[in-house]
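Please build the complete structure, drawing on both the sequences and the hints.
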Amino acid sequence: MNPQKQKMQTSISQIRPGHTLGGLWAGGLLGMALAATFVSSGCSKGDVAEAAPTVTVQVGAAENQTIERKVIAEATLYPLEQAAIVPKINAPVKKFYAEKGSKVHAGQLLAELENQDLLAAQMENEGAYTQAEAGYEQAVQKAQSDLKLSKETLDAAQKLYDARQSLYKQGAASSKDVDDANVALIQARNAYEASQKQLDLKVAEGQLAAAKGHRASVAANLNYSKIVSPIDGVVTDRPLYPGEMASSAGPLITVMNLSQIVARAHIGQPEASQLKVGDAATVSVPGQPGALKGKVSLVSPALDPNSTTVEVWVQAANPAERLKPGTTVHVEMVAQSVPHAIVIPAEALLTGSDGSTSVIILDTDNKPHKKKVKVGIRDAGDVQVTEGLQGGERVVTVGAFALSQEDDPILAKTNIQVQAPPNIPEEDEDQ
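With the sequence shown counted from 1, adding 55 to any position gets you this note's numbering.
The set of hints was computed from the structure by calculation and includes no laboratory data. Any given hint might turn out to be false.
[Said to hold, decoys possible] Here are the simulated lysine-lysine pairs, DSSO-like style, with alpha carbons at most 27 angstroms apart:
{"#": "1", "residue 1": "214", "residue 2": "197"}
{"#": "2", "residue 1": "267", "residue 2": "143"}
{"#": "3", "residue 1": "158", "residue 2": "281"}
{"#": "4", "residue 1": "379", "residue 2": "348"}
{"#": "5", "residue 1": "267", "residue 2": "197"}
{"#": "6", "residue 1": "149", "residue 2": "331"}
{"#": "7", "residue 1": "214", "residue 2": "224"}
{"#": "8", "residue 1": "143", "residue 2": "155"}
{"#": "9", "residue 1": "214", "residue 2": "231"}
{"#": "10", "residue 1": "331", "residue 2": "158"}
{"#": "11", "residue 1": "214", "residue 2": "203"}
{"#": "12", "residue 1": "348", "residue 2": "331"}
{"#": "13", "residue 1": "281", "residue 2": "150"}
{"#": "14", "residue 1": "350", "residue 2": "379"}
{"#": "15", "residue 1": "281", "residue 2": "143"}
{"#": "16", "residue 1": "281", "residue 2": "267"}
{"#": "17", "residue 1": "331", "residue 2": "350"}
{"#": "18", "residue 1": "281", "residue 2": "149"}
{"#": "19", "residue 1": "143", "residue 2": "158"}
{"#": "20", "residue 1": "379", "residue 2": "331"}
{"#": "21", "residue 1": "155", "residue 2": "267"}
{"#": "22", "residue 1": "231", "residue 2": "206"}
{"#": "23", "residue 1": "155", "residue 2": "379"}
[Unchecked claim] Label pairs and their calculated CB-CB ranges:
{"#": "24", "residue 1": "303", "residue 2": "375", "range": "33 to 43 angstroms"}
{"#": "25", "residue 1": "210", "residue 2": "171", "range": "41 to 51 angstroms"}
{"#": "26", "residue 1": "375", "residue 2": "445", "range": "41 to 51 angstroms"}
{"#": "27", "residue 1": "418", "residue 2": "360", "range": "24 to 34 angstroms"}
{"#": "28", "residue 1": "186", "residue 2": "206", "range": "24 to 34 angstroms"}
{"#": "29", "residue 1": "350", "residue 2": "116", "range": "25 to 35 angstroms"}
{"#": "30", "residue 1": "149", "residue 2": "186", "range": "47 to 57 angstroms"}
We put the CB at the ideal spot given by N, CA and C, even for glycine.
Here you go:
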């Protein structure tokens with residue numbers, strides 16, 4: 056062996072966030088290298104105390120920042136509003152006023168159905184209505200006249216009866232005269248009561264009401280021949296051509312409002328229980344840049360009996376109507392947000408065989424110290440530390456596994472060299 060003191064250096068390659076198995080493998084190699092160094096140094100008793108390995112590590116900072124717990128799922132896009140317009144009458148299409156892809160607004164005329172027969176029926180019913188209206192006016196006049204006449208007749212009969220009653224008491228009239236006057240009074244009273252009931256007027260009223268009903272029905276059918284949009288949006292389907300028969304069996308035109316979209320996801324009950332209406336969310340299409348900001352608009356109160364999942368909706372504005380209904384999208388919903396949290400890179404976290412968690416921190420002299428910690432929210436490459444760190448500490452992110460072996464005597468003498476992480480090209484992320 057060379058008499059000169061040997062300085063051994065073991066280098067650990069960068070481990071990207073989330074590559075846990077790679078981190079264990081690199082740490083294992085480091086441990087093996089250090090163990091081999093210890094064994095080989097044993098060949099020369101004088102060299103054991105002289106060989107102190109230098110371990111190159113990478114570090115990250117325990118930072119004070121906001122961390123979020125997110126529920127992530129795949130979803131399918133739907134329009135916020137959709138109108139599949141079905142005709143209320145069966146008739147051939149006379150003309151379309153909007154094409155597929157046309158922007159339309161609520162109340163805009165989209166199509167017109169053939170209505171010549173309806174126009175003819177309208178004219179016929181207008182005549183019937185006019186006749187019924189005139190008959191009603193005549194009935195009103197007759198009823199008023201009959202009521203007045205019957206009242207006058209009743210008053211006259213009452214006076215005659217009273218007069219004969221008086222004469223009869225004086226002996227100037229016979230009982231037959233009184234009886235005749237009484238019969239006339241009864242007849243006059245019955246006639247007056249019949250006039251008050253105005254039976255003829257009620258018949259005329261019924262006829263007029265029926266005429267009004269027919270008139271309104273024809274007017275409604277005529278109005279149904281004009282197809283208007285109930286919402287603002289874009290025409291997404293128009294299956295028929297002018298001249299083809301439109302019926303209530305299927306939509307004539309479909310209009311969707313794409314200014315707002317709804318992403319519908321089905322997620323497990325444990326994740327859904329963390330969400331509530333109003334939680335912040337994002338909607339993105341895999342492989343496409345940019346994400347739309349939205350909010351949770353629905354958390355179904357019931358499980359889907361077929362999939363035992365919970366339906367959750369995320370509503371978001373859709374500028375330039377970039378996203379289309381039916382698209383499969385990626386949604387991220389913020390179930391919890393913790394401001395001013397102590398956050399470290401996830402790769403700095405060490406898990407013991409007993410389930411405990413710890414990190415390796417470096418002091419100002421680059422000496423390693425193992426610290427037990429408790430963790431909270433995990434988000435992608437970061438993890439919240441709830442106990443054990445104050446913030447500002449340097450934690451080992453690469454090489455921590457080997458340094459955590461405190462019982463190894465050679466590591467007690469390990470020198471630490473902090474290395475900046477290599478600049479990995481962006482395309483390597485997919486490899």
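Verification of the supplied hints:
1. Taken as a hint, the residue 214 and residue 197 pair is honoured in the structure, with Cα atoms around 26 angstroms apart against an allowance of 27 angstroms.
2. Simply put, residue 267 and residue 143 have alpha-carbon atoms about 21 angstroms apart, close enough for the 27 angstroms limit, and the pair holds.
3. Taking the CA atoms of residue 158 and residue 281, the gap is near 18 angstroms; set against the 27 angstroms cutoff, the hint holds.
4. With a C-alpha separation of about 16 angstroms, the suggested pair residue 379 and residue 348 falls inside the 27 angstroms cut-off, and the hint holds.
5. For the hint pairing residue 267 with residue 197, the CA-to-CA distance comes to about 22 angstroms; that is within 27 angstroms, so the pair holds.
6. Taking the CA atoms of residue 149 and residue 331, the gap is about 49 angstroms. The hint is violated against a cut of 27 angstroms.
7. Distance restraint check for residue 214 and residue 224: the Cα-Cα separation of roughly 16 angstroms lies within the 27 angstroms cut-off, and the hinted pair is therefore satisfied.
8. The suggested pairing of residue 143 with residue 155 holds, with an alpha-carbon distance near 21 angstroms, which does not exceed 27 angstroms.
9. Between residue 214 and residue 231, the direct Cα distance comes to roughly 17 angstroms. Compliance with the 27 angstroms bound is thereby established for this hinted pair.
10. For the proposed pair residue 331 and residue 158, the alpha carbon gap of about 34 angstroms is over 27 angstroms, so the pair is violated.
11. With a C-alpha separation of about 17 angstroms, the suggested pairing of residue 214 with residue 203 holds against the 27 angstroms cut-off.
12. Proximity of residue 348 to residue 331 is assessed by CA-CA distance (about 16 angstroms); at most 27 angstroms being required, the pair is judged to hold.
13. For a cut-off of 27 angstroms, the pair hint linking residue 281 to residue 150 stands: about 10 angstroms separates their Cα positions.
14. Under the criterion of a C-alpha separation no larger than 27 angstroms, the hint pairing residue 350 with residue 379 is consistent with the structure, at around 18 angstroms.
15. Proposed proximity of residue 281 and residue 143 is supported: the alpha carbons are some 10 angstroms apart, at most 27 angstroms.
16. A threshold of 27 angstroms between alpha carbons decides the hint, and for residue 281 with residue 267 the separation of about 22 angstroms falls inside it, so the pair holds.
17. For the suggested pair residue 331 and residue 350, the alpha carbons sit about 10 angstroms apart, so the restraint of at most 27 angstroms is met.
18. For the suggested pair residue 281 and residue 149, the alpha carbons sit about 10 angstroms apart, so the restraint of at most 27 angstroms is met.
19. Proposed proximity of residue 143 and residue 158 is supported: the alpha carbons are some 24 angstroms apart, at most 27 angstroms.
20. Distance check on the hinted pair: residue 379 and residue 331 sit about 26 angstroms apart at the alpha-carbon level, within 27 angstroms; holds.
21. For the suggested pair residue 155 and residue 267, the alpha carbons sit about 39 angstroms apart, so the restraint of at most 27 angstroms is broken.
22. For the hint linking residue 231 to residue 206, the alpha-carbon distance of about 25 angstroms falls within 27 angstroms, and the restraint holds.
23. For the proposed pair residue 155 and residue 379, the alpha carbon gap of about 15 angstroms is at most 27 angstroms, so the pair holds.
24. Distance hint check: the CB atoms of residue 303 and residue 375 are about 35 angstroms apart, consistent with the given range 33 to 43 angstroms.
25. For residue 210 and residue 171, the Cβ-Cβ distance of about 59 angstroms falls outside the hinted range of 41 to 51 angstroms, so the restraint is violated.
26. The supplied range of 41 to 51 angstroms is met by residue 375 and residue 445, whose beta-carbon atoms lie about 47 angstroms from each other.
27. Judged by the Cβ atoms, the range 24 to 34 angstroms given for residue 418 and residue 360 is violated: they are separated by roughly 58 angstroms.
28. In this structure, residue 186 and residue 206 meet the distance hint of 24 to 34 angstroms, their C-beta atoms being roughly 31 angstroms apart.
29. The hint said 25 to 35 angstroms for the Cβ distance between residue 350 and residue 116, and at roughly 32 angstroms that hint holds.
30. Roughly 31 angstroms separates the CB atoms of residue 149 and residue 186, a value that falls outside the hinted 47 to 57 angstroms.
Going down the numbered hints, you'll see the structure goes against 6, 10, 21, 25, 27 and 30, while the others check out.
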